[in-house]
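Visitor: If you read the protein sequences in the order shown, they are chains E and W.
Under our numbering, the first sequence has 102 at position 102, and the numbering climbs by one with no breaks.
Under our numbering, the second sequence has 1067 at position 67, and the numbering climbs by one with no breaks.
Honestly, the hints are just simulated from the structure, not real lab data.
One or more hints might be untrue.
What the hints assert, rightly or not - Which residues of chain W face chain E? A partial, calculated answer using Cβ under 10 Å: (1) 1032; (2) 1035; (3) 1042; (4) 1044; (5) 1046; (6) 1048; (7) 1083; (8) 1088; (9) 1114; (10) 1115; (11) 1118; (12) 1139; (13) 1169; (14) 1170; (15) 1174.
Here a beta-carbon is modelled for each residue, glycine too, at the ideal position from N, C-alpha and C.
Letter by letter, the chains look like this.
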Amino acid sequence: MKNRWQILVVDDEEVMCESLAAWLREDGYVVDTAASGHEAIEKTRQRDYAIYFVDLKMPGGMDGIETMMQIRRIRAEASIIIITAYATVDTAITAMKEGAQEYIVKPCNPEEISLLVNRIVKVKNLQRENSILRKKLSRQYVVHDIVTKNARMRDILDLCQEVASLRSTVLIQGESGTGKEMIARAIHNSGDRAQKPMVSVSCAALAETLLESELFGHEKGAFTGADQQKRGKFEMADGGTIFLDEIGDISPKLQVDLLRVLQERSFYRVGGSQEVTVDVRAIAATHVNLQQAVSEGKFREDLYYRLNVIEIRIPPLRERREDVPLLALHFLERLAHELGKDVSDISEGALKLLMEYNWPGNVRELENTIERAIVTCKNHVLTEDSFGFLALNGTAGRVWAPPAGMTLQEMEKVLIASTLQRTNGNIKESAGILGIDRSTLYEKIKRYEIPR
Amino acid sequence: MKYLYVAAPPEVRPEDRRMVSGRLAGVFDLPVREMKMPAVDFAYDAGRRQYSSIAVLEMTLPLIPDDAAKLLAVTDRDLFVPVLTFLFGQAQLGGRAGVLSFARLRQEFYGFAPNRELFEERAAKEALHETGHMFGLVHCSDRSCAMSLATNIRQIDMKQAAFCAPCRARLARTKGVKA
Chain E
1 MKNRWQILVV DDEEVMCESL AAWLREDGYV VDTAASGHEA IEKTRQRDYA IYFVDLKMPG
61 GMDGIETMMQ IRRIRAEASI IIITAYATVD TAITAMKEGA QEYIVKPCNP EEISLLVNRI
121 VKVKNLQREN SILRKKLSRQ YVVHDIVTKN ARMRDILDLC QEVASLRSTV LIQGESGTGK
181 EMIARAIHNS GDRAQKPMVS VSCAALAETL LESELFGHEK GAFTGADQQK RGKFEMADGG
241 TIFLDEIGDI SPKLQVDLLR VLQERSFYRV GGSQEVTVDV RAIAATHVNL QQAVSEGKFR
301 EDLYYRLNVI EIRIPPLRER REDVPLLALH FLERLAHELG KDVSDISEGA LKLLMEYNWP
361 GNVRELENTI ERAIVTCKNH VLTEDSFGFL ALNGTAGRVW APPAGMTLQE MEKVLIASTL
421 QRTNGNIKES AGILGIDRST LYEKIKRYEI PR
Chain W
1001 MKYLYVAAPP EVRPEDRRMV SGRLAGVFDL PVREMKMPAV DFAYDAGRRQ YSSIAVLEMT
1061 LPLIPDDAAK LLAVTDRDLF VPVLTFLFGQ AQLGGRAGVL SFARLRQEFY GFAPNRELFE
1121 ERAAKEALHE TGHMFGLVHC SDRSCAMSLA TNIRQIDMKQ AAFCAPCRAR LARTKGVKA
């Protein structure tokens, strides 16, 4: 795993620079060189070097100490080793005081450099692991952590950033596995409620009465088994955010209760008579089309509009295939590290295969797929063979077939509805995608009574 | 037909050159040939009282025959690069030239009685190591593999004159050895 870390050797003497760089490259590191402090700063802005070897005496008005100080301003976490042929106690003290990790005198014993670099890399690996584990533990995603180059996703992330500090309710819609909770966490962690809790509730997981007690808490003796007072998720999220997952699955009674909390910011615990007031920002998510549920009478219209103040529709992975290689490599890097496997790349052929696959389980399925491929990988690169199981499982995903017994009209209705959903109801864009003119689309929407 | 050349300046005894080429023969997917090369005295640095490894490597580049895939120069001189106190050898990573010094592989260097067998074993390990670099291999974490980094003579003695299975597989991918 050593080749992850990049090293920059900074020395005005080319032979010094190149000989140390060549020696470190033989050890498997990615090494660049810079002939001056200015060049080192320039390169530091472009690449994330973990370790620097900086010569103390360099001409051009920028010596090793000054170079180190400027590097530290850009990359505070970088490890900098000062090298000098002219060791004095004063320079050593200055270098260490200004933040040099080590101070070595050249020529140095190869063993000394090898041990030094190994020690730094070991610490860096531990720090990295620690950061991954901490992030995993707190799931502290922020907007910048979300990997995408898709224009629609970029718009969504911009929107998340804009609305992060507002109290307005957000409704996140998207298929299962698209990362609805991750977006919710990114909104929470990017706003001024980040230091307060974000409490998640899966509304689909609990029966109506349990969910009511879960959300609003209960008083002692409110029902059999309620042997003490219990705070609900709304109270736990006071000052922070409540994430209501699978909101489309809640019962009509709870819909009324929820509407009241969202409007009044207050509620009663189950069995309680004292009103509890909270300052909670609600983010709801669903994989079902809530607008359709409203038109079918399954979901209250007033609650829908209360939730849908800010609407985010996450596109499924098959509609942002350009993100597949990016996400695959992101998962590879993280999971290979977590699994302790030295797998560092995905072949072109394998990436092509991944891009062609339909990903019915979206990003979650891609993550699991990469994990499975890493676990069974025998060498350092994931190839098409590593994803053989996808070809077996994925035939249905790659060749779409309409459900048996579907009429042409039904299919047309579904196609128009899904296109409208994808374009957020944009008639011009939908008509363009469907290859019909706008008046025809209006006419079909009316005929099929498709909600927009 | 391409060859792996072992080149030696006049100070290297012919039997030492033959010994190295013999130990390389059959390991890599290339037949081995021997050749003579000029003395490396020009690379002497009076301040360091050693020979510049970079100068020796640069000197070998124009000497590489047309039918050579790789060339490993062997010398009895003690090598250095400016930033390090010494080198057992140096090679272009994934390139065509490498150099190996016998100086620190001999027991005499450490004040002990000569030991021909031990010297040959050490020379074979380091010849494999530098040639491995020429085939693009980097240092291996398996301490018994010829590609593990040795910064002192004990570490050379700890490894074997053979590549570990993953390094062999990597060499096979770069056509360094027969799969």
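Visitor: Give a verdict on every hint.
Guide: Hint check results:
1. 1032: Nearest chain E Cβ about 22 Å off; hint violated.
2. 1035: Check failed: Cβ of residue 1035 of chain W comes no nearer than 24 Å to chain E, outside 10 Å.
3. 1042: Not OK, violated: residue 1042 of chain W not within 10 Å of chain E, min 16 Å.
4. 1044: violated (16 Å)
5. 1046: Where the cut-off is 10 Å and the nearest Cβ of chain E is about 15 Å from residue 1046 of chain W, the hint is violated.
6. 1048: Nearest chain E Cβ about 8 Å off; hint holds.
7. 1083: Since the shortest Cβ distance to chain E is 4 Å, the answer is holds.
8. 1088: With a closest approach of 9 Å, the residue 1088 of chain W hint holds.
9. 1114: The hint is violated - residue 1114 of chain W has no Cβ within 10 Å of chain E, the shortest such distance being about 25 Å.
10. 1115: For residue 1115 of chain W, the interface hint is violated, since the closest Cβ of chain E sits about 23 Å away, which is over 10 Å.
11. 1118: Nearest chain E Cβ about 21 Å off; hint violated.
12. 1139: holds (5 Å)
13. 1169: Hint holds; residue 1169 of chain W Cβ to chain E Cβ min 7 Å, cut 10 Å.
14. 1170: At about 9 Å, which falls below the 10 Å cut-off, the nearest Cβ of chain E leaves the hint on residue 1170 of chain W intact, so it holds.
15. 1174: Given a least distance of 13 Å, the restraint on residue 1174 of chain W is violated.
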